[in-house]
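Just so you know, the protein sequences line up as chains A and B, in that order.
So the first sequence is numbered by our numbering: it starts at 153 and just counts up by one.
So the second sequence is numbered by our numbering: it starts at 153 and just counts up by one.
No lab work stands behind these hints, which were simulated from the structure alone.
What you are looking at is a predicted structure, and each value in this text was computed from that prediction instead of being measured.
Check each hint, because a few of them may be wrong.
Given that identical chains are not distinguished, each listed pair holds provided it fits within a single copy or across any two copies.
Straight-line Cα separation of at most 20 Å, SDA-like style, residue types lysine to any residue; simulated pairs [to be verified]:
hint, residue 1, residue 2
1, Lys293, Pro242
2, Lys490, Gly269
3, Lys389, Leu214
4, Lys490, Glu313
5, Lys213, Thr268
6, Lys389, Arg366
7, Lys293, Arg471
8, Lys213, Leu227
9, Lys163, Gly438
10, Lys213, Ala370
11, Lys490, Asn314
12, Lys163, Glu194
13, Lys490, Glu315
14, Lys213, Gly269
15, Lys209, Arg221
16, Lys490, Glu200
17, Lys389, Thr304
18, Lys229, Ala292
Number of protein chains: 2
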Amino acid sequence: MPAPSSPITQKHTPPYYWGIDIGGTSMKCGLVDHEGHTVSFEQIPTEEAAGPQAAVKRLTKLMVETEQRTGTTGLVKRIGMGAPGPMDLPRGLLVAPPQLPTWNDFPIVSRLSEATGRGVSFLNDANAAAYGEFWLGSGAKQSSMILLTLGTGVGGGIIVENELLNGVNSFGSECGHILVDSAPDAQLCGWGGGRGQLEAYASATGVATIARSRLQTAPDSQLHRCLDAEGEGLTSKQVHDAAVAGDQLALSIVDETARWLGIAITTLVHTVDPGNVVLGGAMDFGGAECPVGKRFLDGIRSEFRERTFPNVYAGTTIRFATLGSDAGYLGAAGYAKKEAATP
Amino acid sequence: MPAPSSPITQKHTPPYYWGIDIGGTSMKCGLVDHEGHTVSFEQIPTEEAAGPQAAVKRLTKLMVETEQRTGTTGLVKRIGMGAPGPMDLPRGLLVAPPQLPTWNDFPIVSRLSEATGRGVSFLNDANAAAYGEFWLGSGAKQSSMILLTLGTGVGGGIIVENELLNGVNSFGSECGHILVDSAPDAQLCGWGGGRGQLEAYASATGVATIARSRLQTAPDSQLHRCLDAEGEGLTSKQVHDAAVAGDQLALSIVDETARWLGIAITTLVHTVDPGNVVLGGAMDFGGAECPVGKRFLDGIRSEFRERTFPNVYAGTTIRFATLGSDAGYLGAAGYAKKEAATP
Numbered sequence: 153m154p155a156p157s158s159p160i161t162q163k164h165t166p167p168y169y170w171g172i173d174i175g176g177t178s179m180k181c182g183l184v185d186h187e188g189h190t191v192s193f194e195q196i197p198t199e200e201a202a203g204p205q206a207a208v209k210r211l212t213k214l215m216v217e218t219e220q221r222t223g224t225t226g227l228v229k230r231i232g233m234g235a236p237g238p239m240d241l242p243r244g245l246l247v248a249p250p251q252l253p254t255w256n257d258f259p260i261v262s263r264l265s266e267a268t269g270r271g272v273s274f275l276n277d278a279n280a281a282a283y284g285e286f287w288l289g290s291g292a293k294q295s296s297m298i299l300l301t302l303g304t305g306v307g308g309g310i311i312v313e314n315e316l317l318n319g320v321n322s323f324g325s326e327c328g329h330i331l332v333d334s335a336p337d338a339q340l341c342g343w344g345g346g347r348g349q350l351e352a353y354a355s356a357t358g359v360a361t362i363a364r365s366r367l368q369t370a371p372d373s374q375l376h377r378c379l380d381a382e383g384e385g386l387t388s389k390q391v392h393d394a395a396v397a398g399d400q401l402a403l404s405i406v407d408e409t410a411r412w413l414g415i416a417i418t419t420l421v422h423t424v425d426p427g428n429v430v431l432g433g434a435m436d437f438g439g440a441e442c443p444v445g446k447r448f449l450d451g452i453r454s455e456f457r458e459r460t461f462p463n464v465y466a467g468t469t470i471r472f473a474t475l476g477s478d479a480g481y482l483g484a485a486g487y488a489k490k491e492a493a494t495p
Numbered sequence: 153m154p155a156p157s158s159p160i161t162q163k164h165t166p167p168y169y170w171g172i173d174i175g176g177t178s179m180k181c182g183l184v185d186h187e188g189h190t191v192s193f194e195q196i197p198t199e200e201a202a203g204p205q206a207a208v209k210r211l212t213k214l215m216v217e218t219e220q221r222t223g224t225t226g227l228v229k230r231i232g233m234g235a236p237g238p239m240d241l242p243r244g245l246l247v248a249p250p251q252l253p254t255w256n257d258f259p260i261v262s263r264l265s266e267a268t269g270r271g272v273s274f275l276n277d278a279n280a281a282a283y284g285e286f287w288l289g290s291g292a293k294q295s296s297m298i299l300l301t302l303g304t305g306v307g308g309g310i311i312v313e314n315e316l317l318n319g320v321n322s323f324g325s326e327c328g329h330i331l332v333d334s335a336p337d338a339q340l341c342g343w344g345g346g347r348g349q350l351e352a353y354a355s356a357t358g359v360a361t362i363a364r365s366r367l368q369t370a371p372d373s374q375l376h377r378c379l380d381a382e383g384e385g386l387t388s389k390q391v392h393d394a395a396v397a398g399d400q401l402a403l404s405i406v407d408e409t410a411r412w413l414g415i416a417i418t419t420l421v422h423t424v425d426p427g428n429v430v431l432g433g434a435m436d437f438g439g440a441e442c443p444v445g446k447r448f449l450d451g452i453r454s455e456f457r458e459r460t461f462p463n464v465y466a467g468t469t470i471r472f473a474t475l476g477s478d479a480g481y482l483g484a485a486g487y488a489k490k491e492a493a494t495p
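Next comes chain A alone, as it looks inside the complex (with noise of 0.2 Å):
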């Protein structure tokens, strides 16, 4: 179980709300007060074998005894649940989830409002991550937000004026499918059509791709002692390490994804003009903490600054996220406040 970012403490302050972000392998629970303490976490397996039903009624055990146990109980006002798509917000289902099989078209919302007698307030996963690191994170206190989560694929989420930008379809901000790349050979997302689309080039598995298709034009590269008997393998962490180590191969597929997401920044600060944006996920080759990290981002400005202009450049953050994985629950948390407020 990681440490919550935001320490678990004594000292906190009613009403409370639980932030459940689901996973394809496991559901993290946390129950947070009005201020963004978080009061309990735990980290439970999905089973999505078992299916939808049998997740309700562990969910719903796990919130009974931890609000006996810390005292919560009667004082939680709602519950916030994030989920991986895709989804149909309106009707509080999802839709032919590849990570979650069994729970297509299964009324969660409802059965989960049901099983705890309380309002489910039902989010993306990305936008609760976003809604996150808005709340509490590199976006705090501000009016507008982008996070763009770099990892196994590419996620985003939009904050305008304090509104989550769901969208219509349910698709709101799924800022991995813009295009930054309009050659006749771009590559694919994983989804098998989206060509030429943000996914394919700043994901884990875009960046591996990448990285797989230049070692050919850098025989000295260390990346090659990284490929297994099949020419398989090699992933974004080990290219990160390449880099850390000052391998040239390595160093250059950071400035390739940095410039791919300087494209995709501007195309998005034109669209929506947030005044942040901010980067989560695994997939920030090392983030803030490391030079090759701080490179990273040197790039992302350096690409956006030369796209848009001098007075939006300057009115523009970019910067790293900084509540980790615990964005997800956090954001579902305080989603649920935010519609708890709402008349």
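Given the coordinates of chain A, assemble chain B onto it according to the supplied hints.
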């Protein structure tokens, strides 16, 4: 004076709002009732050289006289004013606007407000047009919408859940400046930067430039006749006319423009998922009334379908605007109405 799209009628519903659409050469001034009917419409010269204070005087005089004539004195609630950017919305002024150099840094909102004794809602002209289509045109009765205006440049406006995206740097929804072409030799926008941005491809200027660059490849095209002695000239209107006459080069340029717009719309929809995309402006290849305009729209839809997800394609309409050049003043009035209602 063009006939307003919403006919001037004797039956109107108080209160009233002024919608002012400021342009480099003229100012459109519409007195609009609560339901969007135009009570009076006048277009007066901007007289940019005389400066903005003179414009404030003439606008104020026009308002007083019109209200006396139409019996609406005392019934006008607020003024909406759209203007070309760049601008600083919170400060209520234009910043180095290329079309209105004498207006630079002049506090137009506070001066107009002082002169008329009324509140002034200030917005970007393309955003005003978007709000007009959203209130009374192709986006009516929807919750969200994107407008792309295809004119000398490409502008845009985005409404999400009834709220206009104005942007933190007053740069919201500059959709002409999203990336569509990542090639190193991609075309440049008029502002001198912005390589590969939509405006260089889907504006009247962009289409004419592309047509000229393709002439060599099509010796039989009737577009050769449009060039002047210097090899210049050739407008997007002439490309449209030639396409109507069946000219193959002209038709291929219509198709190419559609392809770039399909790419741009994919990116915009994957960012905000509005369910509705509306195409306005004169560079519409004849729009819905014309077979070439229909082919243009079909081409856009087809490119979008290829690049997006089936449910997003199914959940998104793309159509032409219906308010023509009245969208700006109507949207400014509608936005004034909206802001008058906001506590």
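For this structure, which hints from the list above don't hold up?
Going through the list in order, the structure violates hints 3, 9, 10, 16 and 18 and respects the others.
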